[in-house]
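Trainee: Put the two chains together into one complex, using the hints given.
Residue numbers (the working numbering), protein chains in the order written: chain A, 1 to 199; chain B, 200 to 383.
If you're looking for bench data, these hints aren't it; they were derived computationally from the structure. For each residue, glycine too, the CB sits at the ideal point set by N, CA and C. Errors might be hidden in some of the hints.
Claimed, not checked - With a cut-off of at most 25 angstroms between alpha-carbon atoms, the simulated BS3-like pairs for lysine-lysine come out as follows: (1) B:Lys264 with A:Lys41; (2) B:Lys368 with B:Lys326; (3) B:Lys255 with A:Lys131; (4) A:Lys131 with A:Lys183; (5) A:Lys12 with A:Lys2; (6) A:Lys164 with A:Lys131; (7) B:Lys368 with A:Lys2; (8) A:Lys183 with B:Lys264; (9) B:Lys350 with A:Lys164; (10) A:Lys112 with A:Lys176; (11) A:Lys12 with B:Lys368; (12) A:Lys12 with B:Lys326; (13) B:Lys255 with B:Lys350; (14) A:Lys164 with A:Lys139; (15) A:Lys41 with A:Lys131; (16) B:Lys255 with A:Lys41; (17) A:Lys12 with B:Lys350; (18) A:Lys112 with A:Lys183; (19) B:Lys368 with B:Lys350; (20) B:Lys264 with A:Lys164; (21) A:Lys12 with B:Lys364; (22) B:Lys288 with B:Lys255; (23) B:Lys255 with A:Lys164; (24) A:Lys139 with A:Lys112; (25) A:Lys171 with A:Lys112; (26) A:Lys131 with A:Lys176.
Unchecked claim - Covered stretches of chain B (chain A as the covering partner; in silico rule of three or more C-beta atoms under 8 angstroms from a C-beta of chain A): (27) 203-217; (28) 232-244; (29) 323-336; (30) 366-375.
Below, each chain spelled out in residue letters.
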Amino acid sequence: MKREEVVESEFKDLTRLIAGIPDREPPDGLVDAVMAGIRPKRAPWWRRLLQRLYRPVSVAPVRLIPAGVALALLLGLSFYFGFSMGTKKMAPVVARVETPARETSTVVFTLKDPRASQVYVIGSFNHWSPKGYRMHFDKKTGTWVLAVKLPEGRYEYAFLLNGKTIMPDPKALIQKDDGFGNKNSILIVERQDGTKTQS
Amino acid sequence: MSEGEDYRVISDILNGDSGAYAILVRRYQRQIFNLMIRLTSNEDDAMDLTQETFIKAYDNLERFKPSGRFFPWLYTIGMNVGRDFLRRKKTRRDKSDEIYLDGKSLMDGGIQEKGVIEKLDVAFIQKAMDTLPVDYREALYLRYHEDLPVKDVALCLDISVSAAKMRIKRGLEKLREMVAGGTK
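This is chain B alone, in the form it adopts within the complex (with noise of 0.2 angstroms):
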């Protein structure tokens, strides 16, 4: 969806038209309900914190610039949204210092053999993804999920496009050492 039309809506938006809103979160529910699905695991935790976000965005619409471009500006809030929810939780999701807790497991019982990876399913790279640390999961996420160009990549994470270009390198080798046993 292209950002002249985000822009026109959020104008009509702004303009009093508030039902235009929908729009919006139509179009935009299905990756910030991932996120949230993706940090916290349950449904119902995800359903309120995807509400909080676009609720939260409604509220600062104001505060968007006309130059921006809104997914990235919508993700942010809600990446924020969600690590708050953690921190208040105290949810062990977030595991930024345990990198490999279920990562080794994976890879104990994973694959030794060089060149299988395209053998694996979709269902295997989605729990080794599940326990990524949260910044190297949603820059791969972001990059080849949602295929975002780099630069849109390091706009949802409020990261420079050098670091998202290092967290999307990294994350991938992470998943690899992780899916193949570390084969260096």
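Chain A extracted, bound-state conformation (with noise of 0.2 angstroms):
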């Protein structure tokens, strides 16, 4: 074997080894230290503006009460002034708001995966954050579980795993592309009593 030859296959077995070298693993408490430390953030006011021209807001019903009434005053006094001044008539309109309370769904989340040391769900419901939303682990079944209350909506989520891994849930029955070459599921909740298992 040539000299060159020699050399690279031992530069071969350096980097095989050198890929072996076990890491330590991070203490316990390392996440919650550095949360501890660390203060929300309050976004610029130009991100702000931003986020309310380009995301959709839901408002609950009862909200609108006050815009509505608002609204029919200023509609009424509209008809009632154009009317005595002569001026075109115009439709009278009348200005209703609904304020049903909004209903919600037990969904329960599943994931089969006896391997993994923690699990939580993430998703646009709680805006991709895992907080409050970590899974049980049921021994009997192997199988990590979370039953969450949702309204009626369209969700995208997946399973973050030991806090590294994010995976999209394996049976769900539609999985949408993020546009970053990951998979996520999707859930639909329907309006319904009762409890809905994933989609």
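Mentor: See the structure below:
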């Protein structure tokens, strides 16, 4: 074997050995220690403005009451003055605001992965934040389980395994490309009573 | 982990969801903690410096460019935090000028035979890696242990791609000289 080939082969052995050097596990409290040292960020005004412009906003019907009342008053006054001042007649408009209570359904997320040490559900319903969405491990079935109450709607979600790996729900019927080469699962919660598992 | 996922989390944090930062900390704590262990050889110091790195990165998250990748950016901050610490402590762990200080002893008792590197164990290589200057050692770790492409190694070490290539090549040569007794 030529000298260059020997050196090349030795380099390969070295790189293989470097790859196999074991890592030390970070201490358990590291994440908590970091999180205790940070403060929530307030988005700059221009970012908040852009957010408001581009993000669909869901408004509870009850919050529309004052606006509805104001609109009804305005229309009523316009109609009255328009009529009395002899200007063009306006058709009467009735603003009707319904205020149904927002129904929620219980969705049970499950993931069979006995090897995972920690699993969270993250998705559009919790702004992709795992806090408060840790799944519980059912030793009997080897399944991670979490029940979440959600209003009707269409949600994207995924599982966060061991704080590192994000994976879509293997049981979900619908998967969607997130635009970055990964997939999210789709959950559709219909208005109904009772319990619904993820689709 | 894709840069898209990282950026999605960063976007949430910048929009006020600070809790999402835990995802990034969990994702990269192993790499940063091990970097600090390599720099300090002390678990308590490594824990403190890892914390400091993540908090510094969080405080400067607005400066992170969406077109960039989070891990190399974080690693660069980690390297600076580590170097500052070593400067403050005037520790002798950073052996930039002491390439062969321990390497010679390794070499003296090392392997003189050709083609026997494959028989070495990981512990021996780890010891040899510890004696390399930080710049070479980190280039090798990032390239072959973290399996990063050369352009990301360059970003992590804040050097050009050609300098990163050179550092990896020279690092391997130095390591080989140490463990194989400089068979040329």
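Trainee: A separate judgement is required for each hint: does it hold in the structure or not?
Mentor: Hints, one by one, checked against the model:
no.: 1; hint: B:Lys264 with A:Lys41; in the structure: 17 angstroms, holds
no.: 2; hint: B:Lys368 with B:Lys326; in the structure: 19 angstroms, holds
no.: 3; hint: B:Lys255 with A:Lys131; in the structure: 22 angstroms, holds
no.: 4; hint: A:Lys131 with A:Lys183; in the structure: 21 angstroms, holds
no.: 5; hint: A:Lys12 with A:Lys2; in the structure: 15 angstroms, holds
no.: 6; hint: A:Lys164 with A:Lys131; in the structure: 14 angstroms, holds
no.: 7; hint: B:Lys368 with A:Lys2; in the structure: 19 angstroms, holds
no.: 8; hint: A:Lys183 with B:Lys264; in the structure: 24 angstroms, holds
no.: 9; hint: B:Lys350 with A:Lys164; in the structure: 23 angstroms, holds
no.: 10; hint: A:Lys112 with A:Lys176; in the structure: 21 angstroms, holds
no.: 11; hint: A:Lys12 with B:Lys368; in the structure: 12 angstroms, holds
no.: 12; hint: A:Lys12 with B:Lys326; in the structure: 18 angstroms, holds
no.: 13; hint: B:Lys255 with B:Lys350; in the structure: 24 angstroms, holds
no.: 14; hint: A:Lys164 with A:Lys139; in the structure: 22 angstroms, holds
no.: 15; hint: A:Lys41 with A:Lys131; in the structure: 17 angstroms, holds
no.: 16; hint: B:Lys255 with A:Lys41; in the structure: 14 angstroms, holds
no.: 17; hint: A:Lys12 with B:Lys350; in the structure: 20 angstroms, holds
no.: 18; hint: A:Lys112 with A:Lys183; in the structure: 18 angstroms, holds
no.: 19; hint: B:Lys368 with B:Lys350; in the structure: 14 angstroms, holds
no.: 20; hint: B:Lys264 with A:Lys164; in the structure: 22 angstroms, holds
no.: 21; hint: A:Lys12 with B:Lys364; in the structure: 16 angstroms, holds
no.: 22; hint: B:Lys288 with B:Lys255; in the structure: 20 angstroms, holds
no.: 23; hint: B:Lys255 with A:Lys164; in the structure: 21 angstroms, holds
no.: 24; hint: A:Lys139 with A:Lys112; in the structure: 11 angstroms, holds
no.: 25; hint: A:Lys171 with A:Lys112; in the structure: 10 angstroms, holds
no.: 26; hint: A:Lys131 with A:Lys176; in the structure: 24 angstroms, holds
no.: 27; hint: 203-217; in the structure: holds (count 12)
no.: 28; hint: 232-244; in the structure: holds (count 4)
no.: 29; hint: 323-336; in the structure: holds (count 3)
no.: 30; hint: 366-375; in the structure: holds (count 3)
Every hint, counting from the list given before, is met by this structure.
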